[in-house]
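Chains as they are written, first to last, in our numbering: chain A, 1 to 194; chain F, 1 to 231.
Derived by calculation from the structure, the hints in this document are not laboratory data. For every residue, glycine included, the Cβ atom is placed at its ideal position computed from N, Cα and C. Watch out, some of these pointers could steer you wrong.
[Unchecked claim] With the C-beta cut set under 10 Å, the calculated list includes, among others, these residues of chain F facing chain A:
no.: 1; residue: Ile45
no.: 2; residue: Ser73
no.: 3; residue: Asp80
no.: 4; residue: Cys84
no.: 5; residue: Lys89
no.: 6; residue: Gln209
no.: 7; residue: Arg215
no.: 8; residue: Phe223
[Said to hold, decoys possible] Here are the computed lysine-lysine pairs in the DSS-like style, where the Cα-Cα straight-line distance is at most 25 Å:
no.: 9; chain 1: A; residue 1: Lys18; chain 2: A; residue 2: Lys40
no.: 10; chain 1: A; residue 1: Lys190; chain 2: A; residue 2: Lys162
no.: 11; chain 1: F; residue 1: Lys92; chain 2: A; residue 2: Lys68
no.: 12; chain 1: A; residue 1: Lys68; chain 2: F; residue 2: Lys72
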Amino acid sequence: MFDFARVQKELVEVERDKNLSGVSIQICEDNLKHMRGTIKGPVGTPYEGGIFTIEIRLPAEYPFEPPKMQFITKVWHPNISSQNGAICLDILKDQWSPALTLKTALLSLQALLSTPEPDDPQDAVVAQQYLRDYPTFLGTARYWTETFARRPSLDIQEKVAKLIEMGFSEEAAKNALQTCGGDENAALEKLCNV
Amino acid sequence: MDSVDDNTNVQPMPKLDSQDPVKNHGESSAGASGGSEDGSFDCNICLELAQDPVVTLCGHLFCWPCLHRWVKSRIGSNKDCPVCKAIVKEDKVVPLYGRGKVGSVDPRSKAVPGVDIPHRPSGQRPDAARHPEQQHQPYGFTFVAGSGIPVTAARFGNITLSAGFGLFPSLFGFHLHGYDGTGTPSGFHFRIPGNHRPAASPSNQYQQQEVILSRILLFLGCFVIVCLIFF
Numbered sequence: 001m002f003d004f005a006r007v008q009k010e011l012v013e014v015e016r017d018k019n020l021s022g023v024s025i026q027i028c029e030d031n032l033k034h035m036r037g038t039i040k041g042p043v044g045t046p047y048e049g050g051i052f053t054i055e056i057r058l059p060a061e062y063p064f065e066p067p068k069m070q071f072i073t074k075v076w077h078p079n080i081s082s083q084n085g086a087i088c089l090d091i092l093k094d095q096w097s098p099a100l101t102l103k104t105a106l107l108s109l110q111a112l113l114s115t116p117e118p119d120d121p122q123d124a125v126v127a128q129q130y131l132r133d134y135p136t137f138l139g140t141a142r143y144w145t146e147t148f149a150r151r152p153s154l155d156i157q158e159k160v161a162k163l164i165e166m167g168f169s170e171e172a173a174k175n176a177l178q179t180c181g182g183d184e185n186a187a188l189e190k191l192c193n194v
Numbered sequence: 001m002d003s004v005d006d007n008t009n010v011q012p013m014p015k016l017d018s019q020d021p022v023k024n025h026g027e028s029s030a031g032a033s034g035g036s037e038d039g040s041f042d043c044n045i046c047l048e049l050a051q052d053p054v055v056t057l058c059g060h061l062f063c064w065p066c067l068h069r070w071v072k073s074r075i076g077s078n079k080d081c082p083v084c085k086a087i088v089k090e091d092k093v094v095p096l097y098g099r100g101k102v103g104s105v106d107p108r109s110k111a112v113p114g115v116d117i118p119h120r121p122s123g124q125r126p127d128a129a130r131h132p133e134q135q136h137q138p139y140g141f142t143f144v145a146g147s148g149i150p151v152t153a154a155r156f157g158n159i160t161l162s163a164g165f166g167l168f169p170s171l172f173g174f175h176l177h178g179y180d181g182t183g184t185p186s187g188f189h190f191r192i193p194g195n196h197r198p199a200a201s202p203s204n205q206y207q208q209q210e211v212i213l214s215r216i217l218l219f220l221g222c223f224v225i226v227c228l229i230f231f
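Please work from the sequences and hints to get the whole structure.
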């Protein structure tokens, strides 16, 4: 028997703490068995600045069985399949506990982005690159984040705000970003050289 | 992060007496939703106000049906507490008996078709603490037959006082026996049995000492009066 009451309660809680936790969930089907969660890429990782969407499917036995989660956004990470977004995380398998919630599971995914476990890989290619050529791994992960996990409309505004904070005028910041194709570092250099 | 935070600090055993739910939840605890503002009494599995509440030895609160279902659902795996992963044995959980009606069917009842949920284990009830007064057996005065020596003895609790006098002044004695519970006197020493009465609080022992001292003085007084009369 599916526990609607619990899932509803969880969704209310996620909605309430959305701004604080950076985790949000959208419902895809009315029966609450299919939803999409989003997490922010952790600061200080190649995933910083990205917003990652995760598909969540709840089994009928939830919360006694773990939710099925899969990245929709493409991610370059040793424990996440670069092909289909499948996740290798113990709490989504045998270490699941009914005291965990969708929110804590999503936060665990965020933590997984910060601390990859290449010794227990989901994607062998990524894991090998992580172990053998870490700089290349960082570059690829950052590139994938820029390419697949950026939300341009939001992002531009954030970048403009960032440049305004640094002391440039809004117009100059916007122009610089436009001419540099949205690359904030190039725009900053351009603004500094003027 | 609420439930994660819960992992780090073991919740104190919630007291479900008649006062606390009102204090902690205000009106919400009485509401049909069963939710509470701070969730202190919510089941860690269904997140609702715990129904047939049980507490594990590690101190985490669950509905009995929820916990039972979790323990039964894990085939070939350790039966662990959902919150802290401590081992949970179904016969070791502690039921909480609040003031609410027992046996009333909760509309939120999470009965699972095909899964028979047994009754909650019952609480393990230690013996009730006994009042010190109740331990005192009736005491009286006895004459020891045959010896011709009048002996007064008073026994209360584990202490027996006896005062006797005979034909010779040297036989005047005053004995205070401590009984160790098996009925054998443990000697002539003034001894307050404490180790075999763990329920006795220090104040009880103090009271008992006072009683004993007053008895001793009483007997001494009687003895002096008797001496004055006879000699």
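Do the hints match the structure? See the list:
{"no.": "1", "hint": "Ile45", "in the structure": "holds, 4 Å"}
{"no.": "2", "hint": "Ser73", "in the structure": "holds, 5 Å"}
{"no.": "3", "hint": "Asp80", "in the structure": "holds, 8 Å"}
{"no.": "4", "hint": "Cys84", "in the structure": "holds, 9 Å"}
{"no.": "5", "hint": "Lys89", "in the structure": "violated, 17 Å"}
{"no.": "6", "hint": "Gln209", "in the structure": "violated, 52 Å"}
{"no.": "7", "hint": "Arg215", "in the structure": "violated, 60 Å"}
{"no.": "8", "hint": "Phe223", "in the structure": "violated, 72 Å"}
{"no.": "9", "hint": "Lys18(A) / Lys40(A)", "in the structure": "holds, 11 Å"}
{"no.": "10", "hint": "Lys190(A) / Lys162(A)", "in the structure": "holds, 15 Å"}
{"no.": "11", "hint": "Lys92(F) / Lys68(A)", "in the structure": "violated, 33 Å"}
{"no.": "12", "hint": "Lys68(A) / Lys72(F)", "in the structure": "holds, 21 Å"}
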